[in-house]
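For the sequence shown, position 176 (counting from the first letter as 1) is numbered 176 according to our numbering, and the numbering increases by one without interruption.
If you are wondering where the hints come from, they were derived from the structure by calculation, not from laboratory data.
Take these hints with a grain of salt, some might be off.
Unchecked claim - In silico lysine-lysine, DSS-like type, Cα no more than 27 Å apart, as pairs:
(1) K212 <-> K115
(2) K172 <-> K241
(3) K115 <-> K204
(4) K142 <-> K115
(5) K222 <-> K232
(6) K232 <-> K212
(7) K172 <-> K142
(8) K212 <-> K222
(9) K222 <-> K241
(10) K142 <-> K222
Unchecked claim - The calculated label-pair distances, taken between Cβ atoms and stated as ranges, are:
(11) P85 <-> M176: 35 to 41 Å
(12) G125 <-> K212: 23 to 29 Å
(13) G125 <-> D5: 24 to 30 Å
Beta carbons are placed, not taken as given, at the ideal position from N, Cα and C, and that holds for glycine.
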Amino acid sequence: MLFLDLTLPTPAENLACDEALLDQCDADCGDEVLRVLRFWEPTSVFVVLGYANRAAAELNTDICVESGVPVLRRISGGGAVLQAPGCLNYALVLRTSTAPELQTTGTTNRFVMEKHRSLLENLLGVRVTIDGVTDLVVHGRKVSGNAQRRRANAILFHGTFLLNAPVNLMEKYLRMPSRAPAYRDGRPHQEFVANLGIDREVLKAEIRRLWKADRQVDHWPKVEVERLVQTKYSLSEWNLKF
Numbered sequence: 001m002l003f004l005d006l007t008l009p010t011p012a013e014n015l016a017c018d019e020a021l022l023d024q025c026d027a028d029c030g031d032e033v034l035r036v037l038r039f040w041e042p043t044s045v046f047v048v049l050g051y052a053n054r055a056a057a058e059l060n061t062d063i064c065v066e067s068g069v070p071v072l073r074r075i076s077g078g079g080a081v082l083q084a085p086g087c088l089n090y091a092l093v094l095r096t097s098t099a100p101e102l103q104t105t106g107t108t109n110r111f112v113m114e115k116h117r118s119l120l121e122n123l124l125g126v127r128v129t130i131d132g133v134t135d136l137v138v139h140g141r142k143v144s145g146n147a148q149r150r151r152a153n154a155i156l157f158h159g160t161f162l163l164n165a166p167v168n169l170m171e172k173y174l175r176m177p178s179r180a181p182a183y184r185d186g187r188p189h190q191e192f193v194a195n196l197g198i199d200r201e202v203l204k205a206e207i208r209r210l211w212k213a214d215r216q217v218d219h220w221p222k223v224e225v226e227r228l229v230q231t232k233y234s235l236s237e238w239n240l241k242f
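Generate coordinates for the entire structure from the input sequences, incorporating the hints supplied.
Here it is in structure tokens:
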């Protein structure tokens with residue numbers, strides 16, 4: 001598997017890069033060549049909606065506008081999230097033909113989430129559970145959210161580990177979600193999520209080892225990223241489509 005440690009300058013470029021890597025893998029005729037593990041970390045505060053989210057229902061849109069906080073939409077499902085320094089994002093791009101567990105949405109969720117749950121539990125030395133389908137939970141609090149997008153031949157499975165995120169800003173920009181897992185039990189953001197407080201390089205090294213991402217590269221589909229930024233991620237027609 002290829003390893004790409006790449007944070008691009010803008011939120012739009014970073015979201016576009018995940019999609020471009022997915023499309024590149026989907027179009028590839030081989031099973032191994034373009035499987036990728038990517039890490040990136042925001043350098044500024046912005047908000048990302050899940051594919052089907054309605055901005056007005058999930059965000060304090062007026063405050064986002066007043067504060068100059070960009071609002072973007074990703075291609076995967078799930079809820080709205082705050083992105084900021086201290087959020088370690090990863091993207092796994094896999095060929096569906098490489099494992100039987102990757103054939104359906106449900107089996108893929110279980111396959112990836114169990115691997116990450118076990119890794120984090122071993123790293124922290126405390127119990128880590130999977131809840132809300134694709135949340136990793138420590139002491140009843142969400143420390144990682146995840147989602148996927150599928151193509152004919154490839155999967156993008158991506159998510160965020162909260163390392164030292166500004167949790168206090170979540171309540172400022174995010175409403176209580178319109179849909180929430182039962183374990184949330186109505187808790188406000190600051191009582192529902194928690195930071196892991198672990199070293200980012202240690203976590204990155206462990207995830208890289210887990211997925212056998214041995215081939216570090218410094219190239220990515222730049223032309224496709226730019227195209228997606230111009231035709232999708234920089235446009236309100238996409239970001240505020242609902």
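These are the hints, each one checked on the structure:
no.: 1; hint: K212 <-> K115; in the structure: 13 Å, holds
no.: 2; hint: K172 <-> K241; in the structure: 22 Å, holds
no.: 3; hint: K115 <-> K204; in the structure: 14 Å, holds
no.: 4; hint: K142 <-> K115; in the structure: 17 Å, holds
no.: 5; hint: K222 <-> K232; in the structure: 15 Å, holds
no.: 6; hint: K232 <-> K212; in the structure: 32 Å, violated
no.: 7; hint: K172 <-> K142; in the structure: 18 Å, holds
no.: 8; hint: K212 <-> K222; in the structure: 25 Å, holds
no.: 9; hint: K222 <-> K241; in the structure: 25 Å, holds
no.: 10; hint: K142 <-> K222; in the structure: 34 Å, violated
no.: 11; hint: P85 <-> M176: 35 to 41 Å; in the structure: 24 Å, violated
no.: 12; hint: G125 <-> K212: 23 to 29 Å; in the structure: 24 Å, holds
no.: 13; hint: G125 <-> D5: 24 to 30 Å; in the structure: 26 Å, holds
In summary, the numbered hints that this structure violates are 6, 10 and 11.
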